[in-house]
Amino acid sequence: MVAVLGTLGYRPQSLIPTIRSTAGVDHVVMFISATARSREAAAEVGKYCSTMEIGCDVVELDDAFDLMMVAERVQDEVLRLRRSGEDVAVFNIAGGTRLMSGAALLVCILEGLNAVYVHDDTYEEIALPFLHMRYSSALTPMERRILLHILERGGGGMSQMEIAKEMGLHKATVNHHVQQLFRKGAVEMLAKEGDRRTKTVRAQDSMRLLLR
Amino acid sequence: MVIRAMRAIPHDRLVIITSEENTRSEDFARILEAGRMAGAPVETLLVDKFDLMSAFQAMVEAFQRRRTAREEVAVNISGGTQLLSDAALLAAFHTGVECYHIAESARRLPVLRGVEITDPLSKGQKDALLAFEDGMSMQQAMAMSKVHQGLMEDLMGLRKAGAIESREEGDRVRLYLTRKGGRMLRSLGRRGQD
Numbered sequence: 007m008v009a010v011l012g013t014l015g016y017r018p019q020s021l022i023p024t025i026r027s028t029a030g031v032d033h034v035v036m037f038i039s040a041t042a043r044s045r046e047a048a049a050e051v052g053k054y055c056s057t058m059e060i061g062c063d064v065v066e067l068d069d070a071f072d073l074m075m076v077a078e079r080v081q082d083e084v085l086r087l088r089r090s091g092e093d094v095a096v097f098n099i100a101g102g103t104r105l106m107s108g109a110a111l112l113v114c115i116l117e118g119l120n121a122v123y124v125h126d127d128t129y130e131e132i133a134l135p136f137l138h139m140r141y142s143s144a145l146t147p148m149e150r151r152i153l154l155h156i157l158e159r160g161g162g163g164m165s166q167m168e169i170a171k172e173m174g175l176h177k178a179t180v181n182h183h184v185q186q187l188f189r190k191g192a193v194e195m196l197a198k199e200g201d202r203r204t205k206t207v208r209a210q211d212s213m214r215l216l217l218r
Numbered sequence: 089m090v091i092r093a094m095r096a097i098p099h100d101r102l103v104i105i106t107s108e109e110n111t112r113s114e115d116f117a118r119i120l121e122a123g124r125m126a127g128a129p130v131e132t133l134l135v136d137k138f139d140l141m142s143a144f145q146a147m148v149e150a151f152q153r154r155r156t157a158r159e160e161v162a163v164n165i166s167g168g169t170q171l172l173s174d175a176a177l178l179a180a181f182h183t184g185v186e187c188y189h190i191a192e193s194a195r196r197l198p199v200l201r202g203v204e205i206t207d208p209l210s211k212g213q214k215d216a217l218l219a220f221e222d223g224m225s226m227q228q229a230m231a232m233s234k235v236h237q238g239l240m241e242d243l244m245g246l247r248k249a250g251a252i253e254s255r256e257e258g259d260r261v262r263l264y265l266t267r268k269g270g271r272m273l274r275s276l277g278r279r280g281q282d
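Just so you know, the sequences run in chain order A and B.
Per our numbering, the first sequence runs over residues 7 to 218.
Per our numbering, the second sequence runs over residues 89 to 282.
Take these hints with a grain of salt, some might be off.
25 Å max Cα-Cα, derived SDA-like pairs, lysine to any residue [unchecked claim]:
#, chain 1, residue 1, chain 2, residue 2
1, B, Lys-248, A, Ser-142
2, B, Lys-248, A, Arg-88
3, B, Lys-137, A, Arg-17
4, B, Lys-214, A, Arg-140
5, B, Lys-248, A, Gln-81
6, A, Lys-198, A, Ser-143
7, B, Lys-248, A, Asp-93
8, B, Lys-248, A, Lys-205
9, A, Lys-198, A, Arg-218
10, B, Lys-248, A, Ser-143
11, A, Lys-205, A, Arg-150
12, A, Lys-190, A, Met-148
13, A, Lys-190, B, Lys-137
14, A, Lys-205, B, Pro-98
Taking beta-carbon pairs under 8 Å as the criterion, some of the chain A residues facing chain B (in silico) [stated by the list, open to error]:
#, residue
15, Thr-57
16, Gly-108
17, Tyr-123
18, Leu-137
19, Gln-186
20, Lys-190
21, Ala-192
22, Leu-215
Covered stretches of chain B, going by a simulated chain A footprint (3 or more residues, C-beta under 8 Å) [claimed, not checked]:
#, stretch
23, 97-108
24, 130-143
25, 148-159
26, 170-182
27, 263-272
Calculated from the structure, these hints are not laboratory results.
All C-beta atoms in this analysis are idealised placements derived from N, C-alpha and C, irrespective of residue type, glycine included.
All chains, full assembly: derive it from the sequences and hints.
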């Protein structure tokens with residue numbers, strides 16, 4: 007199965023050229039905001055897909071203005087399609103709110119998907135320069151494990167000693183990998199309240215997108 | 089959005105990325121005034137707000153220039169048009185600079201500091217990419233693979249990553265850099281086709 011994904015706003019024309027120019031597409035997934043005009047645009051694209059005998063799904067986003075929520079929803083869908091053996095041929099990020107477009111772009115980079123932008127006036131498709139590689143491969147398996155552990159514990163305020171104890175690792179091992187995570191900006195190290203000699207390790211919630 | 093970002097992200101220099109037309113707006117004047125009052129130098133990077141790839145390229149070059157001058161770079165993607173915001177996000181990932189989205193609070197996006205777009209490539213794949221000039225026939229690649237062990241695997245890896253493509257020319261197959269491959273090559277310090 008070959009799938010085309012796209013964020014869609016009010017203009018079906020921003021997505022239809024991508025469906026037309028993709029060889030062998032048999033499934034289209036559109037991400038839209040919960041508005042009547044977006045639903046109308048999705049219905050237009052659906053009509054085109056039906057004529058072309060292409061399957062079509064619409065994912066309605068509860069809050070099209072929350073970047074992380076939209077990114078997680080889009081990433082969920084991409085991972086679900088991959089698990090079911092579908093090949094995501096291309097993701098059109100031109101439509102929808104700017105946050106929908108930004109979130110879709112973020113997921114395309116993280117998941118190494120082909121992405122296209124469509125020019126507002128000419129409807130020319132512009133391919134974006136990503137490699138087909140998962141961005142998170144820049145983290146080692148141990149860095150991923152430690153980052154996941156911090157996030158599962160709520161993302162903040164753990165000392166390296168606590169991480170080592172809870173994960174059953176040597177303190178020096180944890181220190182090495184935490185330093186690497188800090189160097190890459192995946193975690194912050196802040197002085198512990200009431201004890202400035204001890205540093206606590208924190209990770210922002212958005213780093214979850216690297217670990218799914 | 090820029091004013092909020094100025095409050096949320098510590099900085100000692102502010103570079104406003106905008107279009108020429110926008111420099112005549114009241115908002116722009118307000119940002120300049122805020123920067124002046126904060127005592128940090130304010131500069132402007134003018135980009136084409138209708139051309140995603142040229143805006144992206146201008147930002148990549150600006151970020152790389154700053155980093156060469158040993159300055160830390162953080163980019164806020166919350167302001168401007170959708171196209172400018174997308175170009176800034178793309179440029180941040182391409183160059184591995186800190187990236188923020190500011191709504192109610194500042195949220196750091198998962199761009200890994202110092203990780204550039206070509207970093208997932210192995211050394212062998214980078215070398216194979218650098219070996220490209222005007223394409224390479226499969227016969228050449230196979231001959232070279234006798235000297236450079238693992239070259240064929242590296243080339244196949246590059247093809248899977250979308251950096252090169254094969255084209256049939258008569259009864260022969262040649263490998264060519266794709267646009268993406270050209271950009272990767274430029275990131276590695278050599279000029280590629282675009």
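Hint check results:
This hinted pair checks out: Lys-248(B) and Ser-142(A) have alpha carbons roughly 17 Å apart, not beyond 25 Å. Restraint check for Lys-248(B) and Arg-88(A): the C-alpha separation of about 16 Å stays at or below 25 Å, so the hint holds. Between Lys-137(B) and Arg-17(A) the alpha-carbon distance is near 20 Å, which keeps this suggested pair within the 25 Å criterion. Between Lys-214(B) and Arg-140(A), the direct Cα distance comes to roughly 17 Å. Compliance with the 25 Å bound is thereby established for this hinted pair.
Using a Cα cut-off of 25 Å, the hinted pair Lys-248(B) and Gln-81(A) holds, with the two alpha carbons roughly 21 Å apart. Taken as a hint, the Lys-198(A) and Ser-143(A) pair is broken in the structure, with Cα atoms around 31 Å apart against an allowance of 25 Å. As the CA atoms of Lys-248(B) and Asp-93(A) are separated by approximately 13 Å, the hinted pair is consistent with the 25 Å bound. Using a Cα cut-off of 25 Å, the hinted pair Lys-248(B) and Lys-205(A) is violated, with the two alpha carbons roughly 42 Å apart.
A hinted pair counts as satisfied when its Cα atoms are at most 25 Å apart, and Lys-198(A) with Arg-218(A) does not qualify at roughly 29 Å. With a C-alpha separation of about 15 Å, the suggested pairing of Lys-248(B) with Ser-143(A) holds against the 25 Å cut-off. Distance hint between Lys-205(A) and Arg-150(A) is fulfilled; the C-alpha atoms sit about 20 Å from each other, no more than 25 Å. At most 25 Å may separate the alpha-carbon atoms for a hinted pair to count; Lys-190(A) and Met-148(A) meet this at roughly 14 Å.
As the CA atoms of Lys-190(A) and Lys-137(B) are separated by approximately 30 Å, the hinted pair breaks the 25 Å bound. Proximity of Lys-205(A) to Pro-98(B) is assessed by CA-CA distance (about 21 Å); at most 25 Å being required, the pair is judged to hold. The beta carbon of Thr-57(A) comes no nearer than 29 Å to any beta carbon in chain B, farther than 8 Å, and the hint placing it at the interface is violated. The beta carbon of Gly-108(A) comes within 6 Å of a beta carbon in chain B, closer than 8 Å, and the hint placing it at the interface holds.
Checking Tyr-123(A) against chain B: minimum C-beta separation of about 5 Å stays under 8 Å; hint holds. Using the Cβ-Cβ criterion of 8 Å, the hint placing Leu-137(A) at the interface with chain B is satisfied: the shortest such distance is roughly 4 Å. Interface restraint check for Gln-186(A): the shortest CB-CB distance to chain B comes to about 10 Å, outside 8 Å, so the restraint is violated. A hinted interface residue such as Lys-190(A) counts as satisfied when its beta carbon comes closer than 8 Å to some beta carbon of chain B; here the least separation is about 4 Å, so the hint holds.
Look at Ala-192(A): its Cβ gets to within about 6 Å of chain B, closer than 8 Å, so that hint holds up. Interface restraint check: Leu-215(A) against chain B, minimum CB-CB distance 5 Å, threshold 8 Å, status holds. For a cut-off of 8 Å, the count of residues in the stretch 97-108 of chain B with a CB near a CB of chain A stands at 0, and the three-residue condition is violated. Requiring three or more residues with a Cβ within less than 8 Å of a Cβ of chain A, the coverage given for the stretch 130-143 of chain B holds, as 3 such residues are present.
Evaluation of the coverage hint for the stretch 148-159 of chain B: breached, as 0 residues show C-beta separations to chain A shorter than 8 Å, against a requirement of three. A count of 8 residues in the stretch 170-182 of chain B with a Cβ less than 8 Å from any Cβ of chain A is obtained; the coverage claim is therefore met, three being the minimum. With a threshold of 8 Å between beta carbons, the proposed coverage of the stretch 263-272 of chain B by chain A holds, since 4 of its residues qualify and at least three are required.
When held up to the earlier numbered hints, the structure conflicts with 6, 8, 9, 13, 15, 19, 23 and 25 and fits the remainder.
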